[in-house]
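Asker: Sequences listed follow chains Z and H, in order. Residues in the first sequence are numbered from 3 upward in steps of one, following my numbering. Residues in the second sequence are numbered from 3 upward in steps of one, following my numbering.
These are computed hints drawn from the structure, not numbers from a lab. Honestly, I wouldn't trust all of these hints.
Intra- or inter-copy, both count: the list cannot distinguish identical chains.
Taking lysine-lysine and the DSBU-like style, the derived pairs with C-alpha atoms no more than 35 Å apart in a straight line are [stated by the list, open to error]: (1) 315 with 348; (2) 41 with 347; (3) 324 with 110; (4) 82 with 307; (5) 72 with 82; (6) 169 with 262; (7) 347 with 169; (8) 236 with 211; (9) 111 with 324; (10) 308 with 57; (11) 131 with 324.
Please read these numbers as outputs of a predicted model, since none were measured by experiment.
Number of protein chains: 2
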Amino acid sequence: MTRLTVWQASRILYFAEVYIKIEKRGNILSNRVLSILRKNKDEFCSGEELAKQLKISRTAVWKHIRALRKEGYSISSHKKRGYVLEAIPDLLLPEEIQYNLRTEILGKKIYYFSQTDSTIDQMKKLIEKQIPEGTLVVAERQLLGRGRLQRKWESPFGGVWFSVFLKPNVLPALIPQLNLISALVVARTIKSRTGIEACLKWPNDVVIKCQKKGDYPFKKICGILIEMNAEMDKINHLILSFGINVNITGEQFPVSLRDKVVSLHELLGREISRVNFLKELLRNLEEVYLKFKEGNTTFLLKEYKKNSIVLGKKIKVIFPDKQVVTGKAVDIDKEGALILKSGGKKERVVAGEINLLN
Amino acid sequence: MTRLTVWQASRILYFAEVYIKIEKRGNILSNRVLSILRKNKDEFCSGEELAKQLKISRTAVWKHIRALRKEGYSISSHKKRGYVLEAIPDLLLPEEIQYNLRTEILGKKIYYFSQTDSTIDQMKKLIEKQIPEGTLVVAERQLLGRGRLQRKWESPFGGVWFSVFLKPNVLPALIPQLNLISALVVARTIKSRTGIEACLKWPNDVVIKCQKKGDYPFKKICGILIEMNAEMDKINHLILSFGINVNITGEQFPVSLRDKVVSLHELLGREISRVNFLKELLRNLEEVYLKFKEGNTTFLLKEYKKNSIVLGKKIKVIFPDKQVVTGKAVDIDKEGALILKSGGKKERVVAGEINLLN
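Can you build the whole structure from these sequences, using the hints too?
Answerer: Structure, rendered in structure tokens:
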């Protein structure tokens, strides 16, 4: 059994309340209050000024301030001088993600959940309502987070769990490529925000090399799942989902997983801004996605291969039909298949579990 | 403009009424009445006997007889002798399809529509309700029948329009194979029920060789569409849809299509039993589907190739990106791709429009 930390417990209570508030408020006016406070930076802005700019009463201003505080914004008030924004919560709130996001497609529309079953399942419900490409579903916590092959994916508070809705006009056969380069995007973002070198385990696990002896040589820091709806010669749409262990402490993982997974918090010994991490990830993802749509992935696949922990290694492949083959991973082809050299013959692996040998 | 034939107009009125009736009645008791009448073959069965066997009143028996007549069953009644089944309508009614169907998976559950937007769209709605594998959606007429690449598919009364729900535990990469062998199943069924030789145009068009000079050399008799929901290494489910021109007269097709499509009715000069055609098709499909799931398709692909009108021919391929390549179609590989030999080089074609040259 895992014990709930005080921090976790307080967050659960906190989110339950915030959740209802966010669902109810129309967002727009609170956002405009926030936007004015942001612009003023460390300077106070009087309630009168806010009321005037937004054409609302001072009581209404006060209500929006209260709503923002409930969401975790720290706003100081001074009877004469007014309000000043002291601190921004590190919640994955749509207005935080969208602030200076600088993307053209991704995150123009964001659905936020303090907790939900899984962002994939929420996205599926939204797709019926005709959402635009690039729509995001973000959750602070997933109760039924999904991994590959219907496995469970632990998604406690502190991680970055989200799904993106995409409609690339490409053949279904190209999606395994997107699968690979999405992992590359995560590794790039981890490197640029934390300096940590993340590696790639075919097809799309992002892993960290472990130093300690006797430990698993690689621990998983991110999982990616693609669910696509396609005809034979056309992608209708796909849901690209990420689960990234960012500000998660070791004890938040179940004991059984602790030697297989790791978080940025564990590696750095401190929290990072999840909002900034996600924003950079979205920018990187968009850049790579545009290249993918243009068919311009040669360089990306080269970079993927450079970061691969599998290539050049002796590996064991457990195929979906449970057949086991050992051999050397010699290449990854254009369609994203792993080329396995076994007994003098080359074999294309399109799916399977990879285990590194020695 | 196409003129509505008297036959068509009467059918439309007829179906509009039948549709509501079928939706309303609980089916079960009418089916049992039908089943008793069927067993009695050409012998009368008294109202009393029916009432006794079904434990309902004679008035209730009469109501079910009336309901069955509305669906097109011709049932004679004689004051003293009772009822006898004279003729069965050639509608694709679930009870007709399921009678002596002899399949294990396909058609155990059937949703029937006298008319609907498209069987695919109806199936999509049903999937959310957790339907079993092999569920069928059948329509007498589709208002928005869909072809490949969002094209329209003409689906007037008299055709066989249906979708099957499948959950094969195979890799997404294998689905193009299923696409090919589904077309083979239709050609096999046409041959065995009518003696007509149907050919296959890669990937999955079923076509008929035309004799007349100056005409299109091949006319389309069936189109197949697969829509799949998949992860990278797992099919979640797929909808396999068929549109087969069975009892359609030439004038039911729009003028613009008449030199490109053909129906069994046109070829034979008479109607055939659509119910029996569909039943045989389902049996053939199940046989092939089971082999596909076992990975046992070598023989099927060989048969497909034998019936291909493309192999060995000079062809023009229009790729999805509008690029045009001419060459010779030399093979179809295990993954269902067409191998094109052009300028000494071999190229795998996974999607595109094929035109036969000379």
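Asker: Next, verify each hint and record whether it holds.
Answerer: Against the structure, the hints come out as follows:
Taking the shortest Cα distances, residue 315 and residue 348 sit within 35 Å of each other both inside one copy (15 Å) and across copies (32 Å). Taking the shortest Cα distances, residue 41 and residue 347 never come within 35 Å of each other, neither inside one copy (64 Å) nor across copies (62 Å). Only between protomers do residue 324 and residue 110 lie at most 35 Å apart by alpha-carbon distance; the minimum there is 31 Å, versus 43 Å within a single protomer. Taking the shortest alpha-carbon separations for residue 82 and residue 307, neither the intra-copy value of 61 Å nor the inter-copy value of 86 Å comes in at or below 35 Å.
For the identical chains of this complex, residue 72 and residue 82 are intra-copy neighbours only, at 23 Å inside a copy versus 82 Å across copies, given an alpha-carbon limit of 35 Å. In this assembly of identical chains, residue 169 and residue 262 lie within 35 Å of each other by CA distance both inside one copy and across copies; the values are 33 Å within and 32 Å between. With identical chains, the CA atoms of residue 347 and residue 169 are at most 35 Å apart between copies only, with a shortest distance of 33 Å across copies and 37 Å within one. Taking the shortest Cα distances, residue 236 and residue 211 sit within 35 Å of each other only across copies (29 Å), while inside one copy they are farther apart (38 Å).
Taking the closest pair of Cα atoms, residue 111 and residue 324 come within 35 Å of each other only across two copies (32 Å); inside a single copy the shortest separation is 42 Å, beyond that limit. In this assembly of identical chains, the alpha carbons of residue 308 and residue 57 never lie at most 35 Å apart, being 57 Å within a copy and 77 Å across copies at closest. For a Cα distance limit of 35 Å, the shortest separation of residue 131 from residue 324 across copies, 31 Å, qualifies, whereas the shortest one inside one copy, 39 Å, does not.
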